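Bring the two chains, given one by one in their own frames, into a single complex with the hints.
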Amino acid sequence: MSITATYRQPAVLWIATGVTLLVLIVAGLGIGAVSVSPMAVLQALAGQGDAINIAIVRDLRLPRVVLAMLVGCALGSSGAALQGTLRNALAEPYLLGVSGGAAVGAVLALIVGVTATAAVPLAAFGGAVVAVLLVLALARAAGGARDPRTLLMAGVIIGAFANAMILILLADVSPERVRGALWWMAGSLSDASWLRVGWLAVYVLLGVALLVTRGRLLDVLALGDDSAAALGADVGSATRQVFLISALLAAASVSAAGLIGFVGLVVPNIVRAFGVVRHRALIVASALGGASLMLLADLLARTVRAPLELPLGAITAVIGVPVFLLRLRRLR
Amino acid sequence: MSAGLVLTFDDVTLAYHADGHRVVQHAAISAPPGQITAIVGPNGSGKSSLVRGVLGLMPVHAGRILAGTTDLLRATAREMSRLVAVMPQREALVFPMLVHDYVALGRSPFLGLWDAPSAHDVAVIRGAMERSDVLPFAARRTDELSGGEWQRVRLARALAQDTPILLLDEPTTFLDIAHEMATFETLAREAQSGRTVVLVSHTLTLVARFADQIVLMHEARVAASGPPRDVMQAATLEAVYGWPLVVSHDPAVGAPTLVPLRRPR
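These protein sequence lines map, in sequence, to chains A and B. Counting in the working numbering, the first sequence runs from 1 upward without gaps. Counting in the working numbering, the second sequence runs from 1001 upward without gaps.
Just chain B, same shape as in the assembly (with noise of 0.2 Å):
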C-alpha cells in the first residue's frame, strides 16, 4: 500500500445550477495522511454534498478538490476510483450476489474489460474483508445480510480499492455500539498504516475519541475546524445545531463527549 495522500477542498462551492442555490459555499479542508479527518455538521449542512462533489455527481461551482497534487475536477472518473475510495451514504441492491463477488467489485477501477483479478487483487480482496471483519459471511447473500452486516461489507468494498484516500459517508450508521466501535478501530488503524481517512459523521462523541481533526459544517459553510478539544466548544456546538448542549470531558478517556440537555419546560 503506497502512503496516504492530502486530500484538499480547495475553496470549493457546489450548487446544482450556476445561478441555484449553494449547497456548499467557500470550502477549505485539508484532510492529511495518517490521520481522521471527521466532516461533521447538522442535516443539510453540505456534509454529503462534499462527497458527491468529490464522485462527480454535484457540479463544482468554483474551486478544486485535489487528490496530492491531482485535480479530482479534470481526472476522469477511473482515474479518480484509484486514489480515493468512497463509501457513499446509502446502497440498496437491487440484484443480490454474494458478499465476496460484491467486495470484489472493489478492485473493478485496476480490472481491464477481460482481465480476471490477479493474486494480488485476491489478496487484497481477502485483507479488504478480513479488516472490516466480514470474512465470516463472505459465502452470503448480499439480501440476507443484517443492516450492520451490510455497512461493514459496504466498507470493506472501499478498503478493497486500496487507495491512499478512504472517504465515508455515514459509515456506522445502522451499527450498534460493538460494531460502531470496531468500525473506528479500523478506521484508525487505516490512519496509522498512513492513509489519509475522511469520514462525515453523525457521531459527534465517537468522533472526538477517534479523528485527528473536525470540521463542522454549517448552513453550507466551514464553521469551525481543528482538534477535536477546540472544535467541540458547546458555544459553538449550541450555535449550530441549535440545540442546549453541555461539553464534559470524561475523566476516564479524556476525551470531550457531548451531551445534549433536555428543554426547561
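Isolated chain A, as found in the complex (with noise of 0.2 Å):
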C-alpha cells in the first residue's frame, strides 16, 4: 500500500458537522411559539423583511441560540479533552462530579453577594478545580484512579454531593436574588441575555482554544502514562493543564446554563466513530458537534410540550443514557 502523509481526517465529518451545525441555528431561530421561516431567518438576521421577525429573530431567540451554541462548544470540547486524558471512553464533566462542583462555587458566590457576569464564572471554575482534586483523591483512595469505573464512581459521588450542597444552600434564598436551586440542577438557558452570551464566548473561546494548542500532548497522553513519556510528554503537568482547562470550559457553561450532563460524553464518542483520532482535530470536531446537540436539545425542550418548556438537562439526560449504555458495554 501507499503511505502517503498521515493525519489525515475525513472531509465527509467536516461536511456533515457543519451543515447540521447550519440546519440546527435556522431551526432554532425560526421555531417556536411564532414560527418564522427559513428564508424569512435569514432574512431577519440580515436585517431586513417584517420587523416583528427581526425583533423574534434578533432580539429573543438570536442570544439564546448563541449561548446554546457556546455551552455546547464547552461541554463537548471538554469531555473531549478529559476522555484523552484520562483514557476513558465515558469521561464527561457532569459524571465526573466537576460540573456539579461548578455549579456550587457558582452558587456559593452568588449567594455571599457576588453577581459580577464576569466573575460568576471564576467562583465555578474553583468550585470545579475543587471537585476534580476530589474526584481524583476518591479513585486514588479507592485503589484506582486510571480504572474507568472506580473514576466514574468517584464522579457520580461527588456529583451528588454537589447537588445536595446546592439543594442546602440554597434552601432559604430568596428566588429575587438567587436563581433556584431547580435551574441550577435541571440546565436552563432560559436565561440568555448578551451580557452573559459575551463572557461565556470568551471564556469558552479561550478554553478551546488551550485545549487546540494541546491537541498534540492529547494523543500521546491518550497512550498511557509510560508511552506518553516516552514521546516526549511532561505527562504530571499536562495532565493538570488538561484538567485546569477542562474545569474552566464546564465552569464556564455551569454558570451560564447549570448542570447539563451528557453532552460531553455523547458528542466524542460519535465524533470518534467518524475515524477521528487526533485530538486536535476532535476537540475542534466536539466543539462544533456539542453546539448542535445542545440546539437540538433546546429546540425539543422548547417544542416537545410547547408552551411549557421543558428542563434541558432532562432532555441530555435522555439522548445520553442510551449512548453511556452502549459505550459501558464496550469497556469489558
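If you're looking for bench data, these hints aren't it; they were derived computationally from the structure. Quick caveat: nothing in here was measured; it's all calculated off a predicted structure. Take these hints with a grain of salt, some might be off.
Ranges between beta-carbon positions, derived for each pair [what the hints assert, rightly or not]:
id	chain 1	residue 1	chain 2	residue 2	range
1	A	R240	B	P1059	10 to 20 Å
2	A	V156	B	R1141	29 to 39 Å
3	B	D1115	A	M39	41 to 51 Å
4	A	G275	B	G1194	48 to 58 Å
5	B	G1226	A	G236	32 to 42 Å
6	B	R1064	A	V112	15 to 25 Å
7	B	A1003	A	I15	43 to 53 Å
8	B	R1140	A	M39	43 to 53 Å
9	B	H1026	A	A164	50 to 60 Å
10	B	D1133	A	G275	23 to 33 Å
Covered stretches of chain B (chain A as the covering partner; in silico rule of three or more C-beta atoms under 8 Å from a C-beta of chain A) [what the hints assert, rightly or not]:
id	stretch
11	1048-1057
12	1081-1092
13	1198-1205
Each residue gets a CB set at the ideal place from its N, CA and C atoms; glycine is no exception.
Written out as C-alpha cells, the structure reads:
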C-alpha cells in the first residue's frame, strides 16, 4: 500500500458537522411560539423584512441560540479532552462531578453577593477544580484513578454531594436574589442575555483554543503514562493543564446554563466513530458537534410540550444515557 | 541516522519514597553503541524500574542516567525522547487507531504544534514499519491485531523515533518463535547500523545468542555483567533465580543454552 502523509481527516465529517450546525441554527431561530420560515430567518438576521420577525429572531431567539452553541462547545470539547487524558470513553464533566463542583462554586458566589456576570464563572472554576481534586483523591483511595469505573463512581458521588450542597445552600435564599436550585440542577438556557453570552464566549473560546494547542500532547497522553513520557510529554504537568482547562470550560457552561450532562460524553464518541483520533481535530469537531447537540436539545425542550418548557438537562440525559450504556458494554 | 550514544546508569538508586524500599540500588551499567545490551533477572529484580527511571516516572534517589554526555535526569521529557526511544513493557489503547497513524506518533518528539510531518518524517515512518515488518497491516486498526502483531507495531513506533538509543522493555513478549527471532534479528541490525540497543528480557537463551553484553539483576542490584559466556554460569544463575539449572553450550550455534531442571522428587 502507499503510505502518504498521515493525519488525514475525513472530509465527510466536516461537511456533516457544518451542515448539521447550520440547519439547527436556522431551526432554532425559526421554530417557536411564532414560526418563522428559514428564508425569513435569514432575511431577519440580515435586518431585512418584517420588523416583528427581526425582533423575534435577533432579539428574542438569537441570544439563546448563541448561548446554546457556546455551552455545547464547552461541554463537547472538555469531554473530548477529559476522555483523552483519562483514557476513558465515559469521562465527561457532568459524570465526573466537575460540573457539580462548578455549580456549588457559582451558587456560593451568588449567595455571598458576587453577581458580576464575569466573576461568577471564576467562582464556578474554583468549585470545579476542588471537585476534580476530590474525585481524583477519592478514586485513588478506592484503588484506581486509572480504572474507568472507579473514577466514574467517584465522580457520581461527588456530583450527588454537589447536588445536596446546592439544595441546602438555596433552601432559604429568595428566588429573586438567586436563581433557584431547580434552575441549577436541571439546566436551562432561559437566562440568555447578550452580556452573559459575551462573557461566556470569552471563556469558551479561550478554553477551546487552549485545548487545541494541546492537541498533540493529548494524542500521546491517550496512549498511557509510560508511552506519553517516552514520546516526550511531561505527563504530570500536561495532565494538570488539561484538567484545569476542562474545568474552566465546564465552569463557564455551568454558570451560564446550570448542570447539563452527557453532552461531553455523547459528542466525542460520535466524532470518534467517524474515524477521528487526532485530538486537535477531535476537540474542534466535538466543540461544533456539542453546539449542534445543545441546539437540538433546546429545540426539543421548547417544542415537545409547548408551551411548557422541559428542563434541558433532562433532555440531554434522555439522549445521553443510551449512548452511555452502549459505550459501557464495550468497556469489558 | 546519527551514530549511537552510550547509555550510562551511573551508580543509580531508585526508590518511590526518599526513605522507602530501594527498587534499584547502586546500579552501574554502561551500554555502548553498536551493541545489544540485555538486562535480565528474576521478576521484581528492578529491570523495568530502570526503564521507568529513564522515562522520569520512577524517582531517582541517587546517581545519574546519561545518554552520551546528556544528563537525562536534567533534560526535559522531549529532549529525552529525541535521544532514547523507549518501548514500555505494556500498553493497551483505549481509543484504537490505524497502525500507520500509531507508528507516526513516534515522530511526536520532533514535531511542533502546527507542523505537518515532512517528507523526511514520512520516510522514517515507512522505514520503521519496513524494518519491524508491519507494512502488510499498516492500514489495519490497532484493535484488530494479534498480540504479536501489536508488539511489532509498538517496536515500529520506537524505531520511528529514529534515536541514537533504543530501550525496549520485554520486546518479545507474546511473540511466537519466528517473530521472536525476527525481532531479535531486527534489533541486531539496528545495533550493526551503529545504534545503542538496550533491552530488558526474560528469554535468557535467546538473549545469550544475540546480546553482546548481559547485565544480570538480582534483588535490586547488578549481580553480574559482561559477555554472555561470563554471565551465563550455572552457579550464578542458580543463585539468582533460586532454581536448579544446567548451562550447556549448543554445539550447533556455540551459544550458552539454559536448561532449567525438574526438581528431584
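Ascending list of hint numbers which this structure does not respect: 4, 6, 13
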